[in-house]
Amino acid sequence: MKKVITGNHAVSYGALLARSQVIAAYPITPQTQIVELLSEFCASGKLNAKFIKVESEHSAMTACIAASATGARTFTATSSHGLALMHEMLHWAAAARLPVVLANVNRAMGPGWSVWTDQNDSLSQRDLGWIQLYCESNQEVLDTTIQAFKIAEKVLLPVMVVLDAFVLSHTSEPVDIPEQTLVDKFLPPYDLKTKLDLSAAKSYGALTNPDHYFEIRYKIQKAHDEALHVIKDVDNDFYEHFGRKYGVVEAYRCEDAKVIVVTSGTISGTTRGVIDEMREQGRKVGMLKQKLLRPTPVDELRSILYKAQKIAVIDRNLSFGHSGIFAQEIKSTLYGLAGAPPIYDYVIGLGGRDVTPDDIREIIDNTFKAESPRDTIIWRGVRL
Amino acid sequence: MRFTVPEKELMFPGHVACPGCGGALAMRFALKALGEKTMVVLPACCWTIIDGPFPMHSLQVPVLHTAFETAAIAAAGVKAGLDIQGKNDITVMAWAGDGGTLDIGIQALSGAAERNDDIIYTCYDNEAYMNTGIQRSSATPKGAWTTTTPEKTPKSEPKKNIMEIMNAHRIPYCATATLAYPEDLINKFKKAQSIRGTKFIHIFAPCPTGWKMAPDLMIKICRLAVETNIFPIYECENGLNYSINIKPKNQIPVVDYLKPQGRFRHLIQKDIEQIQKSVDFEWELLQYRASRDFTKSKNIQSQAKK
Amino acid sequence: MKWLEKYKVQVPILEKESDYPNWAISMTTTLLNHTGTWRIFRPIYLNKIPPCNNECPTNEKIQSYMDLVKQDKLLEAYKLILEDNPFPSITGRVCYHPCETECNRKDYDESIGIHCVERFIGDWGLKKVPFAKPATKRKVSIAIIGSGPAGMASAYYLALNGFNVTIFEKKAKLGGMLRYGIPAYRLPKKVLDNEFKKLITLGVKFRTSSLVGKDITLDNLRKNFDFVIIGHGAHKNRPMVIPNEEASGVFSGLDFLSQINSGKRPKIGKKVAIIGGGNTAIDAARSCLRLGSIPTILYRRTRAEMPAVSDEIDAAEAEGIKIEFLVAPVKITVTKKGKLTGIELIKMKLGRPDASGRRRPVPVEKSNFTLKFDSIISAIGEQVDLSILSADITKTEWGVKADFIGRTNIQNIFAIGDCVTGPKTVVEAFGAGKRTALQIMGNADKIQHKVERPVQYSELNLDYFEHTQKVPPPQMPVAVRKKNFKEVHTGYSNVNAKNESERCFSCGVCNKCDNCFVVCPDLSVLKDTGEYEFDYDYCKGCGVCAHECPRYAITMIEESKAEVE
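Chains as they are written, first to last, in my numbering: chain A, 6 to 389; chain B, -2 to 303; chain C, 37 to 601.
Think of the hints as simulated: they come from the structure by calculation, not from any bench.
Only a predicted model underlies this, so the values are computations on that prediction, with no experimental measurement involved.
Treat the hints loosely; a few may be bogus.
As the list claims (entries may be wrong) - Interface residues of chain B toward chain C, partial, derived using beta-carbon atoms under 7 Å: (1) F0; (2) E6; (3) C18; (4) G49; (5) P52; (6) N164; (7) A165; (8) R220; (9) A222; (10) I241; (11) E281; (12) A287.
Every residue gets a Cβ at the ideal spot worked out from N, C-alpha and C, and that includes glycine.
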């Protein structure tokens, strides 16, 4: 069934169709619509879930962790400061290996207060053990939300579905909402083997001495290794059920590209148009949309990017004192490959400033022109 | 007089509480009351350690460890997860220290209480951050020494009244208890178990290590706390109906309670008199509260039930 | 059963990746963790001597039978008493109960009414429990001189253990001081007769009206018996050594009581003076009252120094008997014809303490005065008749020389009771009798000695006791009782006895109150065998159990010393 809905509501539909059992959330712009609609679903009986209207995001994540530990399917959504407040418990969810699914609407961090998009909130949570999936369209948001549960439950890692504030969250697009029966087939109920259980009477998450802590952390990394395969399998499986797939990365017109632009989120959509236009002009340019940030899809990134002469990474984020974060990721992924192309890091659109096709064109042009990326950061649009 | 407590143990020895730990005994009693169909949520507190390091576990019921400030919501989360899966007959108990309750955990606790989440929340109160090495908390009584309130500047603020805070939420049941009165404590857990909604139990649980006290005085000091009115044993239903459960037989001066504890060693006569005054005041206030009979006001009672 | 016997504990193997859980999910219990190694002090269950037992001249296990009464185990309680005292119906009535004087509960509210409980059990046993039969006969013969309490107790234990016992009694009936000295309102003859049935059932032979020294000689007994036990008491009246002591109308206390106890009613007139402050004086005075006279006790010191049992003095005063303190007789006044008219007294004051520790009475010069009486009973003490003893037996100032066990200077001759100590009490005589019996039976190791330090009041944890009133010993109203010789005290009911026994602190002796089990934070008090034991694998030695033991039955000892043991 096609429906014109916002990105936020696409998340809500995804959580509904996944039959989330426990939802805990706290209002924050621009995420609020997600939980508003979920509240409606719960109220109307469309969704049989316990919705805990918590007093903070920290509690939202805690509630999800705790409910998840009992074997329930759990969901929450947040943004920016909410995600930052969750930070401690984001660690907990990952290290407790609980398949919590979280939708984060990318919003800039204060101060000054900003409700507009950039990626610093989710990227600040990069190193905790969460799987992070960045979405380009409302359809992808819905599909990824459903996939996220399956991935999480297979590898026992929490999954963060990321979408841009307003550009996606509040923008309506036609979305194909799958049939519940089909979703149920794709995503059956799951049984957490190690759930809290009276018959086992175990403790979960106790003090762990240096004797054992390291080994258990090692296993988290192993789970991420496995996740790389699982995410692809799930995507393929999804394709078989619904006819849509996204890949961990998407190489768009990269075949003979001299310059490949690395994007994430809605900038991918903007870039896609510019690439088409430039290709028509005969320019050899392509786009790599990085959907999966963690675990890092090293093989895919390398095999695609290695062929280019130059790489332009568009970062709507910044690790202060260093550079754009996606650029760092790409650099470290390609490091050590003989003849790897130079990487141009474009930091752009912080705090929700528009990223226009002109910006993308300029970035591509500049990348073609520049001999080498002399500066670590190439600022786009700073009016200084 | 003879104690009668349920025989069944739901705890193992070998736990690593200090000798004479009130918190350890409190858990033993609580589980005796609640029985096997119980799950426990432990935030950071002494019990994080007492339960035993991985791969060991000292309770015979499941325990979910969680972050410091999250006991109430983690318990609510466990309850929600169980309920949605049709496991409605399991008691979920959050078990937190005074720091985890009165300080860092009060937000989540207040949230759970406001939603009336169906959990038992127990605060075992040893009146300081003991696990981290005896730092003052808002439960530390005025005048007490801790490592962050040295003898020259002992704690200058009175203990936060968590019971009144919880009563103000009008949750169905709040109670205090302590270890010298095991039957009272056990009955309160049983009562809490029989009530739906948020139940708050505040246990006075001595820490001989942190109170600089001989460990064998653990029970005695509980009794003295009650008999001096330092820690009255009472309960309150729906935030309105107070009853004092243990009425001290003799009026024992607070000095009898303070004296065996090294943390009060530096107090001078004037300090002790001041403590006595404030204890007398609080006791009178409590008695006044307990003397009010809201059952006579049908209006109030029906409002309370809502 | 110890935890490690109940649960098998294995250390989980954590080597391979697959051995590890996904996160810190427990795989075993803290039973792996032997916290007993932390211990510096260890608790041990160590029963101690309660002051009641310690003070009891027969070493009755008082707190133990209190516990049994509490549990309605009357038969066990009765049997337990008989192990130490064969005649609880007697001591339950006439004992001066030092157990109650020392009872720790007196410092809390009131001492336990031990003698009343003892009497209840004794009477219950006499009614309900068949008398014991002797063990296999042994070919050892014992002669006991005197059928008073000392002899009775010896006879009981020896006969019970198969010894061939013969008692020689100078009087026509058995019981010595119990029968002839103690008035029936304190010890009804029927009770005494019933208790004697125990000895009869045990096959003890009685030779009444046999005065040793006259009807049969001590030498003779020595020849014909393997052992001789002298227990003929102290029945000789001590003279006042004042003029006219021989006048008619002057009685000796013991003679007077003996006559009454033999059913006679001596003519004493209306106003009677009783000289002395001991039990004989009180008994004589109260007997006079019951004969319709008006007795006055004249005592040379004050109430505090009176050797009589305090309860008896109280009872006498309650019955309206007047006691004049600080007066001493100077002479009996008589008419020219020798008829008694009264007594001349001198006032006394208390001087420095004498050998007994009591302040010595000193006459106040020129304070003489005279009181009129119809008769006078002299009860200033009794002495031992040493004439029956052969010369080779060593004597003391007041009696036969014998040690704590009754041994004299001559092998196989023992001496027990008042004839050794001078006039003392029934229970002390029972104790002496028992000790000598144990010695002869070859069970000297079972002879108990007083400990220096029984359980002190300060060693108890009183938090576990409610203040309660002693069940007052039921007694007949004064108006009724002072008119006859019927027993004054009517005794506890079963309910009374139970209520009273529940007040017992059980000082120093575990009575399974469960406190140690309940208060242990380390689950290291085990009780599934029916007995408490510590699980030293886990006990950290915090000492809470010892502190909360209401009765000091747990002791903390240094771990290093415990290991040596």
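Hints versus structure:
no.	hint	verdict
1	F0	holds, 4 Å
2	E6	holds, 6 Å
3	C18	holds, 5 Å
4	G49	holds, 4 Å
5	P52	holds, 4 Å
6	N164	violated, 30 Å
7	A165	violated, 33 Å
8	R220	holds, 6 Å
9	A222	violated, 13 Å
10	I241	violated, 19 Å
11	E281	violated, 25 Å
12	A287	violated, 23 Å
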